[in-house]
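Trainee: Read off the chains here:
Number of protein chains: 2
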Amino acid sequence: MENFIWYNPTKMYFGKGQVSSLNKELKNYQNILFVYGGGSIKKNGLYDEVRSILKNNNKNYIELSGVEPNPKITSVREGIKLVKEHNIDLLLPVGGGSTIDCAKAIAIGAKYDGDIMDVLNKKALVEEGLPIASVLTLAATGTEMNPRSVITNWEENLKLGIGDWETDATYPKVSICDPTYTLTVPRNQTVNGIVDIMSHTLEQYFTDQEDSVLGDQFAESILKTIIDIGPKLVDDLENYKLRETMMLCGTLAWNGLLRGLLNKGDWSCHAMEHALSALYDIPHGEGLAIVTPIWMEYVSKKRNDKFKKLATNVFNISPKKYTDDELVSEGINAFKAFISKLGAPTSLAHYGITDRKTDELVEKTLLGRQKIGRYIPLASFDVKEIMERVYKLEKELVYSN
Amino acid sequence: MENFIWYNPTKMYFGKGQVSSLNKELKNYQNILFVYGGGSIKKNGLYDEVRSILKNNNKNYIELSGVEPNPKITSVREGIKLVKEHNIDLLLPVGGGSTIDCAKAIAIGAKYDGDIMDVLNKKALVEEGLPIASVLTLAATGTEMNPRSVITNWEENLKLGIGDWETDATYPKVSICDPTYTLTVPRNQTVNGIVDIMSHTLEQYFTDQEDSVLGDQFAESILKTIIDIGPKLVDDLENYKLRETMMLCGTLAWNGLLRGLLNKGDWSCHAMEHALSALYDIPHGEGLAIVTPIWMEYVSKKRNDKFKKLATNVFNISPKKYTDDELVSEGINAFKAFISKLGAPTSLAHYGITDRKTDELVEKTLLGRQKIGRYIPLASFDVKEIMERVYKLEKELVYSN
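Protein chains in written order, with this note's numbering: chain A, 6 to 406; chain B, 6 to 406.
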């Protein structure tokens, strides 16, 4: 195995009613920036709950609302301005991953004198951030227990990731994970979350490291669980137990545990999807549902060890019945069938997208790098080929196995 | 699932040569207490390596050597005295779990004005501790990435556990886990470590919580891995890859991950073993090897759901071939066979122990509690029955399946 550092200072409160832990956790802070999105927390009662905790504890707070699903640099800048104006000492994002991601960028922006784009462009390094306490309302990105944040700059159609795994700067100090708040998440957002969690696990499962005994089994445990409960959840959105397990999958898939055990993973599909959604503003989970099967088909022709394990250990396909190539193919088909069972889009035709911007997608995928991915590194011609295959899928398919 | 808090602020550096990270991690400290045990680190070169890092970084350091395998309260008191005399600002335990456990008790004792026994007896609560950076040389207790510490008071023949999972006080701030240092661990200590890791995982696998989907699978992954590689490692002590995987199993088994997902677990076998080794000074892993199969036989007659899963999911025994009772029995036999395959003792006869101190063992197991254990809570008559069965095993058995 490759050497790794495993560090995660986030304190996670998991389960029903855990929002009350804020009473204790806010103790050392006075001026709070309450960050949220489009208002779903006003419908499910969480907004009022958080406000009454803030009031009962005599905290001063300012609201930053309307944070976008793909959070924009403009929201980040607005947050940084509020922090500086109001002497904010704690950020309190309440919502899905985008709200927390926005708070993370604000956290480091608040400690930096220049424009936050310098940090997003890696021109400036900021090693500290304002503390963050988050309340999660969507099982998806894992941001509640990791240091990563993705911010979109629409002026340049770029999605940029920041967040260092080894310093405290952007880990939430506290995260409240109460599955109750996810019971009202609509079907399509639930599906997108499931695909994102599945993708985070797969991105790490597809590692270049061959002796990841425990990492492989942990990843397979998460994958099998998602495959088992994902379709059930989509048909039974208010099922607490399913929501609970999915929320745990979301955190465990991308909180450093698999990353350490699996030598960081591949992440090509995420790079390609970020390009797609930066260009077409499609939801991240949907972009992943479209690009991942095509990546699998392309890459499995070059290296197939993990694809055989995926078929056998995750999809329970007996290797005895098939040749290696057939086994790989059966596994990929089973993955496609899972995507269709969830009801996720399988083609850009879903959005009526017909203009082909292959070169631009390749450029935004690579972002100056020669290659992306660890399982099979992809150069620009590989990405181009995959993107062309994405465009070729001119009809939505329903996969079955 | 029950609500839980998952928190673990330890930064783990895993892999070859990671001891060099101390150069960076010692930066903010000046006066260091270098804690170690019986001198194995002088044989494998680690002592010199650590000393030269301390010297090259111009640190002042004092040595506390000779920490016992079941660390004594007297060593803790000596450490606390040294800390106060020399204005120590960092504890640097280098060795197995006992060395790190000793440092943890020193860490909080240093912040307390009275005698450390007050804290061990839960008469005083100390919520802060001196920072600890540990270098692990034995895969076993998991103490390198958890807040727990077990200290023996021989005056009263008591083994006492301390360490709060929710505050920073006794988590190592940094832990260096380099499997290289475990290559020279002798066979019997290696076996004891493997049994301890297996036991930590089982203690949590046997939870009262019925819907621990992910926790069960993670625990099964660790159990299957130990069963696969444990006997191989015992026959191939210098195999780096096996040492590496076992070290990871040790940390993952008892660093809070399973504890949160599995509602804390049972821990009856540990309570009974602590009584046994406090009374007879036998190694912890050996006591666990003796008591666990007897606990399994006793408890499985009262509740068997998890025993069926153990047989099926961990030992790959097909449930189709057996009645429920047979399946449970086959699983326990497979566990016993694993213990024998490792070459661990299976009876107190191994030590020539013939004096029966059943009542004292029961008292020291319960330590004033009405019951212990969560899977099946055990009252004093249950513990007495199990201890009598332990004494009845007057010959060492070699289990096979």
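No wet-lab data here; the hints were simulated from the structure.
Fair warning: this is a prediction, and the values are worked out from it, not measured in the lab.
Incorrect hints may have been included.
Note that identical chains are pooled: a pair holds if it fits in a single copy or bridges any two copies.
Said to hold, decoys possible - Restricting the straight-line Cα-Cα distance to at most 30 Å, the calculated cross-link-like pairs of lysine-lysine (DSS-like) are: (1) 128 <-> 325; (2) 269 <-> 178; (3) 400 <-> 325; (4) 397 <-> 314; (5) 29 <-> 128; (6) 89 <-> 246.
Trainee: Output the numbers, in ascending order, of every earlier hint that fails for this structure.
Mentor: 1, 3 and 6
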